[in-house]
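Enquirer: Next come the chains, spelled out residue by residue.
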Amino acid sequence: DGGITQSPKYLFRKEGQNVTLSCEQNLNHDAMYWYRQDPGQGLRLIYYSQIVNDFQKGDIAEGYSVSREKKESFPLTVTSAQKNPTAFYLCASSTGTGAGGEKLFFGSGTQLSVL
Amino acid sequence: AQSVTQLDSQVPVFEEAPVELRCNYSSSVSVYLFWYVQYPNQGLQLLLKYLSGSTLVKGINGFEAEFNKSQTSFHLRKPSVHISDTAEYFCAVTSRSYNTDKLIFGTGTRLQVFP
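Protein sequences, first through last, are from chains Y and X.
Counting from 14, one number per residue, gives the positions in the first sequence under the working numbering.
Counting from 5, one number per residue, gives the positions in the second sequence under the working numbering.
No lab work stands behind these hints: they were computed from the structure.
Check before you lean on any hint, since a few could be wrong.
Stated by the list, open to error - Calculated lysine-lysine pairs in the BS3-like style (CA-CA distance at most 30 Å, straight line):
(1) X:Lys73 <-> X:Lys53
(2) X:Lys53 <-> Y:Lys22
(3) Y:Lys84 <-> X:Lys53
(4) X:Lys62 <-> Y:Lys116
(5) X:Lys73 <-> Y:Lys83
(6) Y:Lys70 <-> Y:Lys84
(7) X:Lys53 <-> Y:Lys70
(8) X:Lys62 <-> Y:Lys96
(9) X:Lys73 <-> X:Lys62
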């Protein structure tokens with residue numbers, strides 16, 4: 014079945030540690046996105062990529078980094094510079110035709126907590 | 005810049021009652037509008053979207069929404085809800101001029117359906 018796979022489902026971070034969240038899609042989509050979800054704040058865009066080897070900052074990119082070396086993969090690293098990393102992280106993809114208005118396909122999320 | 009306001013953080017209703025979830029947006033340019041649903045511990049699924057044409061949009065699971073340009077609103081409605089409709093609902097917007105599919109989300113409305 015085609016879809017988006019996020020792993021792990023739960024992740025714990027120690028003080029000063031970098032952690033990487035995995036996102037893989039087999040939908041042959043060009044565009045991929047990372048959102049952060051906090052209770053009462055909805056979803057906020059961290060980074061997005063419209064094509065391999067290119068990505069742009071979203072609204073809350075500080076303390077995060079990404080790479081897009083392959084079309085199907087868009088990993089997110091939460092660095093030690095992110096002082097409040099506890100949140101639910103959602104990865105999404107779309108066809109990215111460039112016309113806009115396409116629906117986003119979402120993974121099932123990763124819950125990151127600080128030890 | 006775009007923004008989305010969901011006026012109600014929680015909406016409790018009884019089964020088989022009608023429901024309306026309110027969404028207002030702010031934008032200086034033309035927009036595309038979306039409603040997504042999130043069941044517990046899952047990603048988001050598209051309910052419906054407005055791109056152009058008829059202002060009344062029908063979606064999955066019996067939901068519909070009406071685009072009102074003069075009131076900058078895109079309220080979601082269902083004439084008779086079921087227990088299974090209990091979930092969080094997000095309104096989202098993207099600018100037609102962006103030529104990307106990245107979305108700006110509202111803070112969400114939790115719909116709780118009681119028997």
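Enquirer: Confirm or reject each hint.
Expert: For each hint, the structure was consulted:
no. : hint                 : in the structure
1   : X:Lys73 <-> X:Lys53  : holds, 15 Å
2   : X:Lys53 <-> Y:Lys22  : holds, 29 Å
3   : Y:Lys84 <-> X:Lys53  : holds, 26 Å
4   : X:Lys62 <-> Y:Lys116 : holds, 15 Å
5   : X:Lys73 <-> Y:Lys83  : violated, 40 Å
6   : Y:Lys70 <-> Y:Lys84  : holds, 18 Å
7   : X:Lys53 <-> Y:Lys70  : holds, 25 Å
8   : X:Lys62 <-> Y:Lys96  : violated, 42 Å
9   : X:Lys73 <-> X:Lys62  : holds, 17 Å
In the structure shown, a violation is registered for the earlier hints numbered 5, 8, in ascending order.
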